[in-house]
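A.B. asks: Using the hints provided, position chain B relative to the given structure of chain A.
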Amino acid sequence: MTLLSYAKAMNTALSDALAADPAVCVLGEDVGAGLAGLTLGLQQRFGAQRVVDTPLSEQAFTSAGVGAALAGMRPVIELQIPSLLFLVFEQLANQAHKLSLMTGGQARVPLTVVVPGSGSRSGWAGQHSDHPYSLFAHVGIKTLVPATPTDAYGLLSSAIRDDDPVVLFAPAGALGVREDVTAPLAPVPLGEARIHRRGSDVTVLAVGHLVHQALAVAEELADEVSVEVLDPRTLYPLDRAALAESLSRTGRLVVADDSNRFAGFAAEVLAITAEECRLLAPPRRVTRPDGAVLPFALGLDQALQPGADQLRDAVRAVLK
Amino acid sequence: MSLPHLADPAGRYRAMRLIRSFEELALQWVRSGLIVGGTHPYIGQEAVAVGVCAALDPADRLTSTHRGHGHVLAKGADPGRLLAELAGRVDGLNAGRGGSMHAADFSLGILGANGIVGAGAPIAVGAAWASQRLGDPRVVASFFGDGALNQGVLLEAFNLASIWRAPVLFVCENNGYATTLPAGAAVGGSACGRAEAFGIPAETVDGMDVEAVRAAADRAVARARAGGGPSFLECLTYRFEAHHTMERRFRLSYRTAEEVASWRARDPLASARAALPEADTIDTEVTQLLAQAATFAQESAVPDPSSAEDFLYASGLKPRSGAAL
Numbered sequence: 129m130t131l132l133s134y135a136k137a138m139n140t141a142l143s144d145a146l147a148a149d150p151a152v153c154v155l156g157e158d159v160g161a162g163l164a165g166l167t168l169g170l171q172q173r174f175g176a177q178r179v180v181d182t183p184l185s186e187q188a189f190t191s192a193g194v195g196a197a198l199a200g201m202r203p204v205i206e207l208q209i210p211s212l213l214f215l216v217f218e219q220l221a222n223q224a225h226k227l228s229l230m231t232g233g234q235a236r237v238p239l240t241v242v243v244p245g246s247g248s249r250s251g252w253a254g255q256h257s258d259h260p261y262s263l264f265a266h267v268g269i270k271t272l273v274p275a276t277p278t279d280a281y282g283l284l285s286s287a288i289r290d291d292d293p294v295v296l297f298a299p300a301g302a303l304g305v306r307e308d309v310t311a312p313l314a315p316v317p318l319g320e321a322r323i324h325r326r327g328s329d330v331t332v333l334a335v336g337h338l339v340h341q342a343l344a345v346a347e348e349l350a351d352e353v354s355v356e357v358l359d360p361r362t363l364y365p366l367d368r369a370a371l372a373e374s375l376s377r378t379g380r381l382v383v384a385d386d387s388n389r390f391a392g393f394a395a396e397v398l399a400i401t402a403e404e405c406r407l408l409a410p411p412r413r414v415t416r417p418d419g420a421v422l423p424f425a426l427g428l429d430q431a432l433q434p435g436a437d438q439l440r441d442a443v444r445a446v447l448k
Numbered sequence: 037m038s039l040p041h042l043a044d045p046a047g048r049y050r051a052m053r054l055i056r057s058f059e060e061l062a063l064q065w066v067r068s069g070l071i072v073g074g075t076h077p078y079i080g081q082e083a084v085a086v087g088v089c090a091a092l093d094p095a096d097r098l099t100s101t102h103r104g105h106g107h108v109l110a111k112g113a114d115p116g117r118l119l120a121e122l123a124g125r126v127d128g129l130n131a132g133r134g135g136s137m138h139a140a141d142f143s144l145g146i147l148g149a150n151g152i153v154g155a156g157a158p159i160a161v162g163a164a165w166a167s168q169r170l171g172d173p174r175v176v177a178s179f180f181g182d183g184a185l186n187q188g189v190l191l192e193a194f195n196l197a198s199i200w201r202a203p204v205l206f207v208c209e210n211n212g213y214a215t216t217l218p219a220g221a222a223v224g225g226s227a228c229g230r231a232e233a234f235g236i237p238a239e240t241v242d243g244m245d246v247e248a249v250r251a252a253a254d255r256a257v258a259r260a261r262a263g264g265g266p267s268f269l270e271c272l273t274y275r276f277e278a279h280h281t282m283e284r285r286f287r288l289s290y291r292t293a294e295e296v297a298s299w300r301a302r303d304p305l306a307s308a309r310a311a312l313p314e315a316d317t318i319d320t321e322v323t324q325l326l327a328q329a330a331t332f333a334q335e336s337a338v339p340d341p342s343s344a345e346d347f348l349y350a351s352g353l354k355p356r357s358g359a360a361l
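Just so you know, the sequences run in chain order A and B. The letter at position 308 of the first sequence is residue 436 when you use the numbering used here, and the numbering goes up by one with no holes. The letter at position 202 of the second sequence is residue 238 when you use the numbering used here, and the numbering goes up by one with no holes.
Here chain A stands alone, though its shape is the one from the complex (with noise of 0.2 Å):
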């Protein structure tokens, strides 16, 4: 029995892969220094051709990340935080995401972002606590939110070996979680999503780091109501089936979703969920606000985030 954390989980995805295929390579600031965790070691081992030390020019390294998977590399870029994919919008959603379709798919960008951090950390304010992941998943980028380590080290595996262009989040409120790992790590594929807890009156579908909120409020409200905890763990492409699946049993649901609400991501499940799926009751999102910016002071910031007590409130809501 080993006790794994998320970083390390990132870490040993990145390392079997690295030893895996020679295309794979690393490209992000600090990575040599290994300063987000993901990357630690990895530079003596692998050395510095393969896992490479860029200057602060995010636009530069993301599109020459996508220019070398275009020539038969797998690169993945390590961003350190969210906020840069703004910077590198244009690299990723003008370049690296249409260069499949614009080319009659002549071209293949296999080239995986990995975010470390994403979200809030308390305290590192407006332009460090975005959580993204709707935008990407919106232009139609695969998107992955893995809440478990195990999930962390599986979607980051399939991700690399992935054709297409793919962002990671790796939620700030997830790298604390640690997991006993009995069976060997193995790689998860891309759109599974994965019930966390079974139930029967409630589905509360949680995206990443609220993943274990919800569990714990699963826990707390075991007496009075049977909840059902669904991690689609990859936003784009949905596991529609497993949603709908879910709710042909439950007939009740809950978003909780680490963004903004307004055409966030928890608007979309609504959506598909009024489109596809018969419910019981009105569905209810636990979010950021509406175009949400994290103030500094702490009490301001987790004030704006999806909290235990709103989970808590929308279930019962669902119920009644």
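What the hints contain is simulated information worked out from the structure, not anything from laboratory work. Heads up, the beta-carbon is just placed ideally off N, CA and C, and yes, glycines get one too. Incorrect hints may appear among the rest.
[What the hints assert, rightly or not] Heads up, simulated SDA-like pairs for lysine to any residue below, C-alpha to C-alpha not over 25 Å straight-line:
| hint | chain 1 | residue 1 | chain 2 | residue 2 |
| --- | --- | --- | --- | --- |
| 1 | B | Lys354 | B | Val338 |
| 2 | B | Lys354 | A | Thr401 |
| 3 | B | Lys354 | A | Pro317 |
[As the list claims (entries may be wrong)] Stretch-level coverage of chain A by chain B, calculated; a stretch enters the list once three of its residues show a Cβ under 8 Å from a Cβ in chain B:
| hint | region |
| --- | --- |
| 4 | 199–209 |
| 5 | 246–254 |
| 6 | 298–311 |
| 7 | 345–359 |
[Stated by the list, open to error] Just some of the chain A residues that point at chain B, by a computed CB distance under 8 Å:
| hint | residue |
| --- | --- |
| 8 | Cys153 |
| 9 | Ser191 |
| 10 | Ala192 |
| 11 | Gly193 |
| 12 | Gly195 |
| 13 | Ala196 |
| 14 | Phe217 |
| 15 | Glu218 |
| 16 | Gln234 |
| 17 | Ala235 |
| 18 | Arg236 |
| 19 | Gly268 |
| 20 | Pro365 |
C.D. replies: Only chain B this time, still in chain A's reference frame:
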């Protein structure tokens, strides 16, 4: 082995003639509606594409611009398939999915024209870096206009190429205008100065002289292949036509007739042709080739609307339709 079709002056003239005639045909097709959306004509700048590509090997790569037909043809793309792409046909280089601004032929190392100014340069650096890593001797030529000199990502790309000693040839086609904005009003300092600031050897050449461009490109490519890293080439050139075929509708006047005429008097085809006794024969050949290309493109089918999302994902993912259930 350099590109065989550009190996001698006759081949280089032939390629320039092909680009010119192709563009003239494309202008006709825009007017007649066979090409929708219009194009950015390359007429006047042919010596740059041909001179640079003459220094490349078949395996070498390039990234291009929104004004990319010349680069694509100079690297050896089939004119019929390029024309079919401009007309949105299934036999187009990109199966009708890219059109003028995204024309690509990966089998020839053409990584694509690009609708975002300057966006190809860092992609070129990445492809060049990958060649280095994979131990293959390919170089990458990255074309962009003077307008791209003001894109921050281009300067970032210079820096990455410099520190990585990436085998890249940055080719700035300075045609004097970023759409309608004169370069003099847009570029602080000099084009070469920007590259030199990053430790990249730079030179300015007469972009209307295919042999001058080729000689400079030869030096740069040799340096790149020898591990000497990137080079920057500023080619002084001019587009004889509008920025875009839509421009006529707006009756824009940002260039004087005298200025256009003075550059037209330096037509790169005229000087290349003067030294070639076989020029008439080449012209006839090109005319025939383009007639075949036109027939090929016109006979090619339009894509089936039900295939509009084909190729969206390399892994074959098929997303939900946008229509009601």
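A.B. asks: Hint check: Lys354 of chain B vs Thr401 of chain A, CA-CA at most 25 Å. Holds or violated?
C.D. replies: Within the cut-off at roughly 20 Å; holds.
A.B. asks: Return the status of the interface hint for Gly193 of chain A: holds when the least beta-carbon distance to chain B is below 8 Å, violated otherwise.
C.D. replies: At about 6 Å, which falls below the 8 Å cut-off, the nearest Cβ of chain B leaves the hint on Gly193 of chain A intact, so it holds.
A.B. asks: Do the numbers back the hint for Ser191 of chain A, that is, is its least Cβ distance to chain B under 8 Å?
C.D. replies: At about 3 Å, which falls below the 8 Å cut-off, the nearest Cβ of chain B leaves the hint on Ser191 of chain A intact, so it holds.
A.B. asks: Against chain B, with CB atoms and a cut of 8 Å, does the hint on Pro365 of chain A hold up?
C.D. replies: OK, holds: Pro365 of chain A within 8 Å of chain B, min 6 Å.
A.B. asks: Given Ala235 of chain A as an interface hint, is the shortest Cβ-Cβ distance to chain B below 8 Å?
C.D. replies: holds, 7 Å
A.B. asks: How does the region 298–311 of chain A fare against chain B when you require at least three residues with a CB closer than 8 Å, holds or violated?
C.D. replies: Violated - the region 298–311 of chain A has 0 residues with a Cβ nearer than 8 Å to chain B, which falls short of three.
A.B. asks: Has the region 199–209 of chain A got at least three residues whose CB is nearer than 8 Å to a CB belonging to chain B?
C.D. replies: holds (count 4)
A.B. asks: Is the interface hint satisfied for Gly268 of chain A? The criterion is a beta-carbon contact with chain B at less than 8 Å.
C.D. replies: holds, 7 Å
A.B. asks: Examine the region 345–359 of chain A: at least three residues should have C-beta closer than 8 Å to a C-beta of chain B.
C.D. replies: violated (count 0)
A.B. asks: Hint check: is the beta carbon of Phe217 of chain A less than 8 Å from a beta carbon of chain B?
C.D. replies: Status violated, d = 12 Å.
A.B. asks: Does Ala196 of chain A pass the interface check with chain B, least Cβ-Cβ distance below 8 Å?
C.D. replies: At 4 Å from the nearest chain B Cβ, Ala196 of chain A passes the 8 Å test, so the hint holds.
A.B. asks: Hey, Lys354 of chain B versus Pro317 of chain A, does the alpha-carbon distance stay inside 25 Å?
C.D. replies: OK: Lys354 of chain B and Pro317 of chain A at ~16 Å, within 25 Å.
In summary, the structure is inconsistent with hints 5, 6, 7, 14 from the numbered list given earlier, while agreeing with the others.
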